[in-house]
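2 protein chains.
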Amino acid sequence: MPLENPKSDFSKWYSEVLLRANVVDVRTPVKGANVLLPNGYQIWEGIKSKLNYFFYNTGHQNAYFPIFIPEEFLEREAEHFEGFVPEVAWVTQVGTTKLKQKLALRPTSETIMYHMYAQWINSHADLPLKVNQFCNIIRMDTGETRPLLRDREFQWSEAHTCHVDASDASKQIKESMDIYQGVFDALAISYMTFRRPPHDTFAGADYSIAYDTLLPDGRILQIGTTHNLGQSFSKVFDIKFLDKDGETKLVYQTCYGMSTRVIAAVIALHGDDQGLILPPEFASTQVVLVPITFKKSTEAVIDRVKELEKELMDAGIRVKADFRENYTPGWKFSEWEMLGVPLRIEVGPKDLKNKSVLFVRRDTGEKFSVKDSEVVSKVNELKKEIHKVLLERANNILDELIFDVKTYDDLKKMMNTSRGIGRGNWCGSLNCATKIKEETKATIRGTREDIDETPDGPCIYCEKKGTQMVYFAQSY
Amino acid sequence: MPLENPKSDFSKWYSEVLLRANVVDVRTPVKGANVLLPNGYQIWEGIKSKLNYFFYNTGHQNAYFPIFIPEEFLEREAEHFEGFVPEVAWVTQVGTTKLKQKLALRPTSETIMYHMYAQWINSHADLPLKVNQFCNIIRMDTGETRPLLRDREFQWSEAHTCHVDASDASKQIKESMDIYQGVFDALAISYMTFRRPPHDTFAGADYSIAYDTLLPDGRILQIGTTHNLGQSFSKVFDIKFLDKDGETKLVYQTCYGMSTRVIAAVIALHGDDQGLILPPEFASTQVVLVPITFKKSTEAVIDRVKELEKELMDAGIRVKADFRENYTPGWKFSEWEMLGVPLRIEVGPKDLKNKSVLFVRRDTGEKFSVKDSEVVSKVNELKKEIHKVLLERANNILDELIFDVKTYDDLKKMMNTSRGIGRGNWCGSLNCATKIKEETKATIRGTREDIDETPDGPCIYCEKKGTQMVYFAQSY
Chain A
0 MPLENPKSDF SKWYSEVLLR ANVVDVRTPV KGANVLLPNG YQIWEGIKSK
50 LNYFFYNTGH QNAYFPIFIP EEFLEREAEH FEGFVPEVAW VTQVGTTKLK
100 QKLALRPTSE TIMYHMYAQW INSHADLPLK VNQFCNIIRM DTGETRPLLR
150 DREFQWSEAH TCHVDASDAS KQIKESMDIY QGVFDALAIS YMTFRRPPHD
200 TFAGADYSIA YDTLLPDGRI LQIGTTHNLG QSFSKVFDIK FLDKDGETKL
250 VYQTCYGMST RVIAAVIALH GDDQGLILPP EFASTQVVLV PITFKKSTEA
300 VIDRVKELEK ELMDAGIRVK ADFRENYTPG WKFSEWEMLG VPLRIEVGPK
350 DLKNKSVLFV RRDTGEKFSV KDSEVVSKVN ELKKEIHKVL LERANNILDE
400 LIFDVKTYDD LKKMMNTSRG IGRGNWCGSL NCATKIKEET KATIRGTRED
450 IDETPDGPCI YCEKKGTQMV YFAQSY
Chain B
0 MPLENPKSDF SKWYSEVLLR ANVVDVRTPV KGANVLLPNG YQIWEGIKSK
50 LNYFFYNTGH QNAYFPIFIP EEFLEREAEH FEGFVPEVAW VTQVGTTKLK
100 QKLALRPTSE TIMYHMYAQW INSHADLPLK VNQFCNIIRM DTGETRPLLR
150 DREFQWSEAH TCHVDASDAS KQIKESMDIY QGVFDALAIS YMTFRRPPHD
200 TFAGADYSIA YDTLLPDGRI LQIGTTHNLG QSFSKVFDIK FLDKDGETKL
250 VYQTCYGMST RVIAAVIALH GDDQGLILPP EFASTQVVLV PITFKKSTEA
300 VIDRVKELEK ELMDAGIRVK ADFRENYTPG WKFSEWEMLG VPLRIEVGPK
350 DLKNKSVLFV RRDTGEKFSV KDSEVVSKVN ELKKEIHKVL LERANNILDE
400 LIFDVKTYDD LKKMMNTSRG IGRGNWCGSL NCATKIKEET KATIRGTRED
450 IDETPDGPCI YCEKKGTQMV YFAQSY
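For the protein sequence lines, the chains are A and B, in the order given.
Going by numbering that gives the first Met the number 0, 295 is the number at position 296 of the first sequence; the sequence numbering is gapless.
Going by numbering that gives the first Met the number 0, 193 is the number at position 194 of the second sequence; the sequence numbering is gapless.
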């Protein structure tokens with residue numbers, strides 16, 4: 000049974016595809032704490048491995064910090080902590096014994112990491128310090144949860160860096176943007192980079208940069224953030240160093256993170272009514288081989304498929320041959336399509352005779368014969384080609400849903416019809432932002448950080464001059 | 000400043016090496032919940048990657064299950080749960096709101112995983128099911144904690160499998176033993192495989208197999224376990240399938256796990272008074288290049304080191320060139336030795352003239368010239384050779400500390416002097432086991448599962464006949 004079309008009923012499509020494509024199972028005892036199934040987990044493993052590649056080349060190191068954060072730590076950075084308070088899960092009891100000081104499960108790790116950094120950093124020779132951790136995060140959102148989009152437990156990468164001065168911290172912000180661009184590009188995710196307005200800045204940060212993608216339902220999904228923390232945490236956690244000039248100074252800090260939310264973007268941007276379509280680099284199975292057997296030729300076909308499997312494997316391609324009996328080829332096709340395997344190769348008796356095989360692309364559905372001698376090179380070519388097509392499609396989704404909103408009416412019209420992203424002018428006042436959100440559900444995503452844009456008119460709400468060019472959209 | 004010799008004061012050596020070799024930092028706010036530092040984390044990453052290699056080739060899949068386990072789940076398997084009760088961390092509060100049903104943080108994941116398995120398994124075609132999860136585990140041991148050896152939060156791999164019958168489950172037990180052997184061999188860890196006596200079997204299991212290594216202080220460290228769960232959990236969690244014969248049956252189950260404890264074994268078995276010695280496969284830096292520069296020749300030496308770095312990198316060797324200024328070569332040597340980098344290559348002006356470089360092995364301290372043209376092949380040769388030496392040494396530690404104990408006096412003597420492992424006869428009674436432990440601290444590790452051994456005398460304690468050949472030792 001095919002799925003919904005994600006563009007016509009995204010919400011229904013999304014709930015269905017998660018289980019059927021082996022991504023997430025929500026039938027757990029605690030709402031919002033779901034099982035990340037093998038096909039979803041492998042995407043996360045791919046993201047981690049891509050991040051590690053960039054981290055390694057830019058001098059980041061991985062470590063693991065405790066999940067437990069004493070209440071007192073969170074209170075120390077009161078402003079930072081405030082937003083997390085209602086969502087914090089507290090351990091108050093061990094066995095049958097009540098704890099004297101209750102322990103928070105990390106909603107984020109600034110406090111525990113910076114407590115350690117203060118002990119590690121003594122001199123300018125210890126800087127920059129760049130540490131990443133992959134871990135589970137607990138945010139007991141009491142509102143509606145949605146798998147991968149809003150979970151109470153999820154996985155993420157959080158990198159936290161320390162620097163000798165503001166200029167070096169700024170360079171790090173740029174480096175994080177490059178790293179995230181590398182990851183999003185590899186995943187064929189279209190996105191825009193914003194500097195969030197002050198009212199939407201991470202508590203304790205000088206400013207926040209965020210990466211927004213657009214799901215097919217026209218709603219924005221934030222898929223990563225980078226914060227310039229300045230010295231606000233180093234003041235509180237006393238992270239000091241002896242500089243070259245002999246003076247003791249506070250470090251400048253940045254942090255950036257990306258979570259399993261990114262899996263949702265991969266699924267939603269590339270999927271269709273047959274299931275997932277995985278970017279080849281992130282598919283643990285890149286090619287599935289399906290033998291098309293008839294009584295007389297079974298053995299010869301099986302042998303050829305085994306030969307082909309070995310040939311592809313030796314060429315470093317991740318391949319699986321589906322020899323299961325009691326399943327028809329058609330049933331197998333549907334299953335592998337649902338799971339998102341980018342390329343299928345069918346081998347039947349006719350193909351043996353013609354010394355060729357049949358390729359079927361998951362992204363376009365195209366079928367074509369490929370000569371036996373050209374299979375490996377064609378697979379390698381298609382790995383790149385499929386990635387290109389996915390990225391183009393994702394970019395198109397984004398481009399088609401950006402509208403210039405010259406007036407507040409334009410924005411209201413956009414929000415009432417298609418939903419999407421409105422580009423227009425804003426005076427910068429919280430009052431206008433609040434009114435716009437109340438009246439249209441659209442939030443201000445901020446000014447573009449990846450390209451230069453200049454305002455070209457008065458605020459769409461209050462019509463005052465002195466504006467900035469920003470983007471309006473409803474978000475997850 | 001060198002460390003202690005691990006053989007003369009293991010305890011002191013161990014506490015010191017953890018921080019100085021960048022493995023663990025215990026200066027955290029919650030006792031037993033430590034920071035796994037980059038040099039320790041990379042070993043764990045290596046272990047995960049090795050496990051994944053074997054898991055992939057044997058049809059295991061990775062997934063991630065929630066950390067939260069409702070109280071009711073744990074109560075369902077009362078026998079299983081009992082041992083964990085005093086160590087369970089309970090979340091009782093979210094924000095300022097008390098929870099109606101408190102949530103345990105997983106001390107192990109049988110209950111939550113099997114709740115899902117019951118929903119996933121319908122027919123024999125769904126079996127075998129082999130799922131692994133890498134996750135953090137919470138056991139709030141109220142006694143003494145010791146980094147990596149006894150932590151309140153640690154990382155592990157837990158694989159849980161379901162099978163159509165007891166025979167297939169038995170095969171799985173064997174497969175898990177092969178997988179773990181592959182991992183331990185790669186880590187150059189010496190160990191023995193035991194079937195634990197009934198009184199030391201995992202609660203809910205038919206029998207437990209465990210992998211024991213011996214630390215240089217003569218105490219046993221359990222570094223992994225495999226349990227044959229039979230049908231006890233499938234009964235409780237109702238994991239049924241429709242078999243080929245049309246009957247509905249309960250699955251047979253196994254599970255096996257290995258944790259960050261293994262890092263402790265790697266460190267303790269291979270380390271010395273200069274720090275760690277990493278098996279080359281698990282070193283994120285396998286070769287460090289140190290330029291030995293003098294004013295006149297600095298540039299030429301630096302150029303040669305850069306060239307060498309590229310050459311080694313292109314050959315797939317993980318290499319780092321240490322160009323730091325303001326550090327003497329000697330200081331650098333000590334640092335890289337402490338971190339356990341298996342091979343150092345020094346390049347000075349003389350070497351340039353001789354078209355050679357100086358190799359220094361971390362495992363033996365040997366120094367020798369290698370011709371420029373032979374550097375890559377020599378590094379590849381030494382990667383294998385160093386692994387071999389580490390494994391031999393570890394095997395020697397184990398062999399030297401196994402003693403035949405013919406009588407109870409032999410055991411007492413052994414425990415009083417060197418500590419180690421006593422091999423002798425036991426009647427199988429819990430009473431004798433308890434007395435032996437009370438009087439000597441030695442526990443019964445069980446019968447060998449990896450080799451066949453037959454008893455050759457009466458029980459060393461009660462002197463009754465009808466014995467089994469077992470091993471006695473004090474454990475962590």
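Worth flagging that the hints you see were computed from the coordinates, not collected in a lab.
Don't take each hint at face value.
One copy or any two copies: either way a pair holds, since identical chains are not told apart in the list.
Within a straight-line C-alpha distance of at most 30 Å, the following computed DSS-like cross-link-like pairs (lysine-lysine) qualify [claimed, not checked]:
| id | residue 1 | residue 2 |
| --- | --- | --- |
| 1 | 309 | 49 |
| 2 | 173 | 309 |
| 3 | 49 | 173 |
| 4 | 6 | 366 |
| 5 | 129 | 47 |
| 6 | 464 | 295 |
| 7 | 295 | 99 |
| 8 | 331 | 463 |
| 9 | 411 | 434 |
| 10 | 49 | 349 |
| 11 | 366 | 463 |
| 12 | 309 | 170 |
| 13 | 387 | 11 |
| 14 | 129 | 305 |
| 15 | 234 | 349 |
| 16 | 412 | 463 |
| 17 | 382 | 405 |
| 18 | 411 | 248 |
| 19 | 239 | 319 |
| 20 | 129 | 309 |
| 21 | 30 | 99 |
| 22 | 30 | 129 |
| 23 | 349 | 170 |
| 24 | 331 | 305 |
Small disclaimer: the values here were computed from a predicted structure and weren't measured.
For which of the previously enumerated hints does the structure constitute a violation, in increasing order of number? 6, 7, 8, 10, 11, 15, 17, 18, 23
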